[in-house]
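S.K.: One-letter residues, chain by chain:
Protein chains: 2
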Amino acid sequence: MMQEAVSNADYKYRVEVCFFPGQYPLYAQDMGIVVVIDVLRATSAMVAAFENGVDRIIPVSTIEEAAAYIGKEGYIAAAERNGEVVEGFAYGNSPLAYVGEDLSGKTIVMTTTNGTKAINVAKDARMLVVGSFLNLTALSEWLVQQDDNILLLCSGWKDKFNLEDSVFAGAVMDRLLESGKFGVEEDSSIAAKYMFMSARDNFFSVVKAAPRRRRIQQLQLLPDVKYCLTPDQSAVIPVLKGSELVRLDTTLSPA
Amino acid sequence: MMQEAVSNADYKYRVEVCFFPGQYPLYAQDMGIVVVIDVLRATSAMVAAFENGVDRIIPVSTIEEAAAYIGKEGYIAAAERNGEVVEGFAYGNSPLAYVGEDLSGKTIVMTTTNGTKAINVAKDARMLVVGSFLNLTALSEWLVQQDDNILLLCSGWKDKFNLEDSVFAGAVMDRLLESGKFGVEEDSSIAAKYMFMSARDNFFSVVKAAPRRRRIQQLQLLPDVKYCLTPDQSAVIPVLKGSELVRLDTTLSPA
Numbered sequence: 001m002m003q004e005a006v007s008n009a010d011y012k013y014r015v016e017v018c019f020f021p022g023q024y025p026l027y028a029q030d031m032g033i034v035v036v037i038d039v040l041r042a043t044s045a046m047v048a049a050f051e052n053g054v055d056r057i058i059p060v061s062t063i064e065e066a067a068a069y070i071g072k073e074g075y076i077a078a079a080e081r082n083g084e085v086v087e088g089f090a091y092g093n094s095p096l097a098y099v100g101e102d103l104s105g106k107t108i109v110m111t112t113t114n115g116t117k118a119i120n121v122a123k124d125a126r127m128l129v130v131g132s133f134l135n136l137t138a139l140s141e142w143l144v145q146q147d148d149n150i151l152l153l154c155s156g157w158k159d160k161f162n163l164e165d166s167v168f169a170g171a172v173m174d175r176l177l178e179s180g181k182f183g184v185e186e187d188s189s190i191a192a193k194y195m196f197m198s199a200r201d202n203f204f205s206v207v208k209a210a211p212r213r214r215r216i217q218q219l220q221l222l223p224d225v226k227y228c229l230t231p232d233q234s235a236v237i238p239v240l241k242g243s244e245l246v247r248l249d250t251t252l253s254p255a
Numbered sequence: 001m002m003q004e005a006v007s008n009a010d011y012k013y014r015v016e017v018c019f020f021p022g023q024y025p026l027y028a029q030d031m032g033i034v035v036v037i038d039v040l041r042a043t044s045a046m047v048a049a050f051e052n053g054v055d056r057i058i059p060v061s062t063i064e065e066a067a068a069y070i071g072k073e074g075y076i077a078a079a080e081r082n083g084e085v086v087e088g089f090a091y092g093n094s095p096l097a098y099v100g101e102d103l104s105g106k107t108i109v110m111t112t113t114n115g116t117k118a119i120n121v122a123k124d125a126r127m128l129v130v131g132s133f134l135n136l137t138a139l140s141e142w143l144v145q146q147d148d149n150i151l152l153l154c155s156g157w158k159d160k161f162n163l164e165d166s167v168f169a170g171a172v173m174d175r176l177l178e179s180g181k182f183g184v185e186e187d188s189s190i191a192a193k194y195m196f197m198s199a200r201d202n203f204f205s206v207v208k209a210a211p212r213r214r215r216i217q218q219l220q221l222l223p224d225v226k227y228c229l230t231p232d233q234s235a236v237i238p239v240l241k242g243s244e245l246v247r248l249d250t251t252l253s254p255a
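These protein sequences, in sequence, are chains Y and B. Under our numbering, the letters of the first sequence match residues 1 to 255, in that order. Under our numbering, the letters of the second sequence match residues 1 to 255, in that order.
Check before you lean on any hint, since a few could be wrong.
Treat identical chains as interchangeable: a pair holds within one or across any two.
To be verified - Once the Cα atoms are required to be at most 27 Å apart in a straight line, the calculated DSSO-like pairs of lysine-lysine come out as:
no. : residue 1 : residue 2
1   : K12       : K160
2   : K241      : K106
3   : K106      : K123
4   : K123      : K12
5   : K12       : K158
6   : K241      : K72
7   : K158      : K123
8   : K160      : K226
9   : K123      : K160
10  : K226      : K158
11  : K181      : K160
Keep in mind the hints are simulated off the structure, nothing from the lab.
Using the sequences provided together with the hints, build the complete structure.
M.R.: Right under this line is the structure:
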């Protein structure tokens with residue numbers, strides 16, 4: 001199991017995992033494409049919003065920036081802190097809030113505890129895309145065609161290590177390593193692959209196994225969590241253009 | 001596998017894993033006993049030195065502090081940076097340097113890249129002990145008797161996640177969770193247990209799987225690495241008293 005994780009010695013590009021936004025500078029060197037991951041729930045919500053027609057998402061760092069868009073025509077203001085919708089906002093980071101709505105032509109302005117922070121630290125990457133179980137296969141298939149080093153950036157939970165983001169990173173890595181084109185050099189990357197291998201038969205068990213905040217929130221968040229852990233509900237890959245996330249046009253030739 | 005890791009819901013105390021010294025403040029709250037871990041090689045060297053008779057070890061942060069003891073009667077000055085013995089020193093962080101020597105009555109003054117840094121950040125813990133595969137069973141058996149929360153503090157590698165320290169933390173955790181007395185609340189702790197479960201059949205494979213610095217250093221460090229990954233060569237548990245590490249007297253009643 002251990003050796004399987006790093007068997008391809010002749011890789012051309014690296015795929016690595018960074019466990020928290022705070023460590024991004026330690027891992028960013030030589031990385032062309034950054035995949036921001038916040039499975040519960042920011043990046044899941046972003047993919048769900050695009051899947052339901054939204055035009056663009058503007059990730060912002062502060063509640064004040066998002067609040068300026070409350071009630072503004074064509075905009076949806078979304079703010080989450082500590083897992084809750086911020087007072088005064090109709091939307092937080094629940095992907096289910098966007099499901100079944102027609103959001104064509106709308107712009108979401110979103111701030112979250114962890115996910116938008118991760119986007120912010122990596123915003124100067126050559127290319128920044130957004131990953132979640134919702135777009136796992138579409139994202140992996142696109143990544144494997146790219147000729148560049150890839151950093152899977154987990155959002156974590158308030159600067160701490162986060163299991164579901166790391167398992168997702170391991171899932172992406174598993175597919176990229178299979179190609180033989182990518183290899184790993186960081187211990188964190190190997191660890192993420194092991195976590196994925198431990199969790200692969202039941203993504204949902206990951207949540208049961210992550211006790212503290214789940215114990216508190218499990219009941220009210222259960223539909224959200226199930227949704228966020230269900231792979232391949234969307235083929236959309238959000239990509240950062242300037243300060244906005246838009247749909248990546250995957251019909252273009254590899255970057 | 002996932003559920004097994006957190007099956008004991010009626011635990012009295014927590015055992016948690018912190019992956020880097022820099023995150024210690026995020027995990028230190030309510031923790032009574034801190035176990036500092038630097039498998040390759042500082043904490044392995046410390047246990048080996050006590051096993052070979054040394055009286056005490058003074059961990060210091062700077063090369064200058066250690067250099068002041070070069071040639072001083074009764075002292076051994078040891079300094080390592082980037083895996084190498086620092087110029088001017090006879091000792092670095094290799095445990096094999098202490099094996100087969102009679103070090104009775106000696107004091108080691110030691111500075112290393114990662115391990116002594118971890119000791120320094122946690123020096124105000126109620127109790128700080130040193131762990132390595134060399135004293136795995138003795139340490140685990142002593143820990144399980146303690147009535148306190150336990151933090152397993154990995155030294156990492158230059159502020160990055162480190163596989164062998166995390167696997168060792170998972171090994172200790174595995175034994176503590178079996179007792180039913182301890183439980184976990186942090187995602188990092190669950191992840192460490194998975195890494196241990198992936199690695200348990202062959203500790204040595206961990207090193208093969210951790211590519212970058214191993215690829216560079218594998219050949220010259222191979223005897224050291226084998227020694228550091230061989231469990232249960234010592235019953236000594238180093239404990240910090242003031243600014244010195246000494247042997248813990250495990251015949252005393254639980255703290």
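S.K.: Taking the hints in turn, state whether each one holds.
M.R.: For each hint, the structure was consulted:
In this assembly of identical chains, the alpha carbons of K12 and K160 lie at most 27 Å apart only when taken from different copies (23 Å versus 31 Å within one copy). Taking the closest pair of Cα atoms, K241 and K106 come within 27 Å of each other only inside a single copy of the chain (17 Å); across copies the shortest separation is 63 Å, beyond that limit. Taking the shortest alpha-carbon separations for K106 and K123, only the intra-copy value of 22 Å comes in at or below 27 Å, while the best inter-copy value is 54 Å. Taking CA atoms no more than 27 Å apart as the test, K123 paired with K12 passes inside one copy only; the shortest distance there is 25 Å, against 44 Å between copies.
Proximity of K12 and K158 under a CA criterion of 27 Å is satisfied inter-copy only: 26 Å between copies versus 34 Å inside one chain copy. Proximity of K241 to K72 under the C-alpha cut-off of 27 Å is restricted to the intra-copy arrangement: shortest distance 22 Å within a copy versus 63 Å between copies. Taking the shortest Cα distances, K158 and K123 sit within 27 Å of each other both inside one copy (19 Å) and across copies (25 Å). For the homomeric pair K160 and K226, the shortest alpha-carbon distance inside one copy (23 Å) is at most 27 Å, but the shortest distance between copies (32 Å) is not.
For the homomeric pair K123 and K160, the shortest alpha-carbon distances inside one copy (21 Å) and between copies (22 Å) are both at most 27 Å. Taking the shortest Cα distances, K226 and K158 sit within 27 Å of each other inside one copy (22 Å), while across copies they are farther apart (37 Å). Taking identical chains as interchangeable, the C-alpha atoms of K181 and K160 lie at most 27 Å apart only when they sit on different chains, with a minimum of 25 Å there against 31 Å within one chain.
In this structure, every one of the numbered hints holds.
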